[in-house]
Amino acid sequence: MSSTRTTPGATPAGGPGTAAAPAPGGPAATPAVEVRGVVRRFGAVTALDGIDLVIERGELVSLIGPSGCGKSTLLRVVADLVEPTEGEVRVGGKSAHRARLDQDYGIAFQAAGLLEWRTVAGNVELPLQLHGVGRAARRERARELLDLVGLADFARHRPSQLSGGMQQRVAIARALAERPSLLLMDEPFGALDEMTRERLQAELLAVRAATGCTVVFVTHSVPEAVFLSDRVVVMSARPGRVAAVVPVRLGTAERDDAVRATPAFAASVVQVRAALRATEAPR
Amino acid sequence: MNGRWRRAGVVALTVVGLLAAWEGYKAVGPVDGASLGGVRLLPRADDRSMPHVGEVLGALARPEVDAPGSRTVGVAVLTGVLSTLRLALLGGVLGSAVGLALAVLMQRLRLLEAGLLPWVVLSQTVPIIAIAPLITGWGGAVRLGPWAWTPQASVVVIAAFLAFSPVAVGALRGLQSAAPAAVELFRSYAVPWRSQLLHLRLPAARPYLVPALRLAGAQAVVGAIVAEISTGTRGGIGRLVIEYAQQATSSPARVYAAILGAAALGLLVAGLVGLVGAREDRRAAAAVEVAA
Amino acid sequence: MRRARGSGALLLAPVVVALAFLAAWEALVRVGRVAPFVLPSPTAVLASLREVGAQVLAAAGATGLNALVGLVAGTALALLAASLAARVRVLREALVPLAAAAAAIPIVALAPVFATMYGATSELPRRLVVTLVVFVPVFVNALRGLLTVDPVHAELMRSYAASGWATTRWVRLPGALPFVFTGLRLAASAAVISAVVAEYFGGLQTGLGSRITSAAANSAYPRAWAYVVAACALGLLFYAAALALERAATPWRRAGTG
Ligand SMILES: Nc1ncnc2c1ncn2[C@@H]1O[C@H](COP(=O)(O)OP(=O)(O)O)[C@@H](O)[C@H]1O
Ligand SMILES: [Mg+2]
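Protein chains in written order, with this note's numbering: chain A, 1 to 283; chain B, 1 to 292; chain C, 1 to 258.
Because the hints were derived from the structure by calculation, they are not lab data.
Owing to the predicted nature of the structure, the values given are computational and were not obtained by experimental measurement.
Each statement offered as a hint is correct.
To spell it out: a stretch of chain B is covered by chain C in this simulated footprint if at least three of its residues, at any positions, have a beta carbon under 8 Å from a beta carbon of chain C; those stretches are:
| no. | stretch |
| --- | --- |
| 1 | 4-13 |
| 2 | 42-52 |
| 3 | 107-115 |
| 4 | 215-226 |
| 5 | 238-248 |
| 6 | 263-277 |
Ideal Cβ placement from N, Cα and C applies to all residues, glycine included.
Okay, chain A solo, but in the shape it has when bound (with noise of 0.2 Å):
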């Protein structure tokens, strides 16, 4: 249990609430995310099978695994989109349930999941429309969103005219409308090609170093993975556990595409992939 809350080696130790010195039971010391003996059921597949988790308050953390080995159910537990059949999973010391009513977090998927018949900015200002956030700080908090993701020219047409990739920035910065200190990302550039995929992740560490936001992160790709990550989360399928943690020390300088070519990078990919690798091997 205690095997996986490993501390954060390259965390910032300067993020916003991590400042002050960390008061036992203190706000500033609950974690973002603690998931605990976490079990989810759907009829006889066991999607979760004892989810022992801890995340800690500005930590980047990705979940990589098999598909189907209930990555994305262990996403929508700690979201309170799916409710986990036995465990607890706290987010910033409160119920999930509350956290999801407070809107603690913010969310992405795959899917962009744009709504088609409002414009860009439209769809940026939704969740703060819905929380009833007045139309001038609306619109002034979607143009900073737009401008943060390079989508400013595009705040008046339609997601149907936007390319996949750009599709996906509106997405994100639709997630960060509502400034959460929790960010959880379902495979967001799962269905973009390289290029998009590379800009793309380093805007989500800018987003990230400029917010000081938690980050969790589902994806396939081990070098994205190692790239954004300060642990990568190796979980096997069929029950869905938790295989490995492997923490990622890049150094403490900023990460930009030089680090993809340095020995540190490929150290931690061949660890990643070692670890993915075992939990392919027959039991």
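Use these hints to put chains B and C with the ligands onto chain A, whose structure you have.
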């Protein structure tokens, strides 16, 4: 299974409820209806306008005319339904066959598609059926060799025309729905167009054909009934509706019996098309299982 | 260049087909291969259309009004029923099979009994027929639209802790609009067709349908065809209006990648 019984029960209850509402209105509704500003808004509730449900069922068993040996209304309605069924099926099959053939040609010849498809589509938005009274005049006037135009032929032609356009449009869409990658694959095999049609395009069109045929079936029934009425073709259920409607003063329940027959005819044809559709659904389900 | 000419030919094709068809028709009648009472020539129909233009317009107005009233009433009822059925399962289980059955049966055959129920001097029987005919496609499509919610959208709204009403307002209703308009487009043509056909079952002699039958009964075939032409024009008008409404109400569906 349980859900199916439950749904059947709900439908049965709904039908009973509608009949009860009918009788209920008869019990409390104003005999001469209710008017507002000279326009009658509530229907008359007298026995002539709205006969009792039992009355309608009873009418089926009564003889058609007051003479010994007369057939019952029920037999007359059944005979009418079968007669119209024959014409509607003939027209429906004919129209569907022509529609399918035209779809194949339009798929093959781009220019033909460009020239004809807009008109076929538009023909669905205009009352083609309106010409029914006009081809009555063809009886006796048109002959092809030994065969002279009969009123039945008018009915079949109208039914066929109404069935034709949904099949042509649906089949063309289906033939064109073959995946571009699969079309390229067939091109790479350098097989004749016939093989592509048989092994790729027609199978791709099957799921599109079922809803098209369902529509064609319903259209053929409406077409046949309206054509019978406006051409004065005797023997069919459409004509019977009109004849019995004219007897509404003496035996008001009869026209309802005829309408029940017309509804049964529509459901019968839909059921026949549904048999084809059910086979298609089973194929689709099997295909999904294989793919999974 | 070749491409441009090719697409020009494709655009011209329907016009060429129509002209060729009319020319062949005209020629057949002129050379006497087809008797005028079997098929009057297009020019004869046109002449008759000019001659009785005012009556044609009046008849088209009467039929058009019946179709319009029935279309509006049927659409309103269908939308109401669909929104209730989308919420209440029992209602859905009761109405969906009935609508499927209604789609298969010849609803116009009800015209004579409506005429006895309301009196043959009223336009109401025909409007009721149109209402019922319109109800079926609008109800079926609207219900399908209301029940179809993109799972990603549903999950997104849940993540926003949005209320059921907010989900309906922002996701379910806009998502259902294209379906509703598909139903309305079908219903608009069906309204005109059933309004014309309902007149074949007797009743007031005001509209296009009754004029077609009476002209045919008097062997005034060119005049009858003139009314048929008007009926087709009315059908196209309704269809075009539904299409225009659809485009205005769902502008995002035109905004494809240009
Ligand atoms: N809503 C659901 N109903 C039934 N089974 C589900 C549902 N969601 C997920 N599963 C099953 O749970 C397992 C894990 O699924 P998922 O979390 O989507 O895996 P991953 O995202 O890692 O590919 C799979 O076997 C999947 O079929
Ligand atoms: Mg997944």
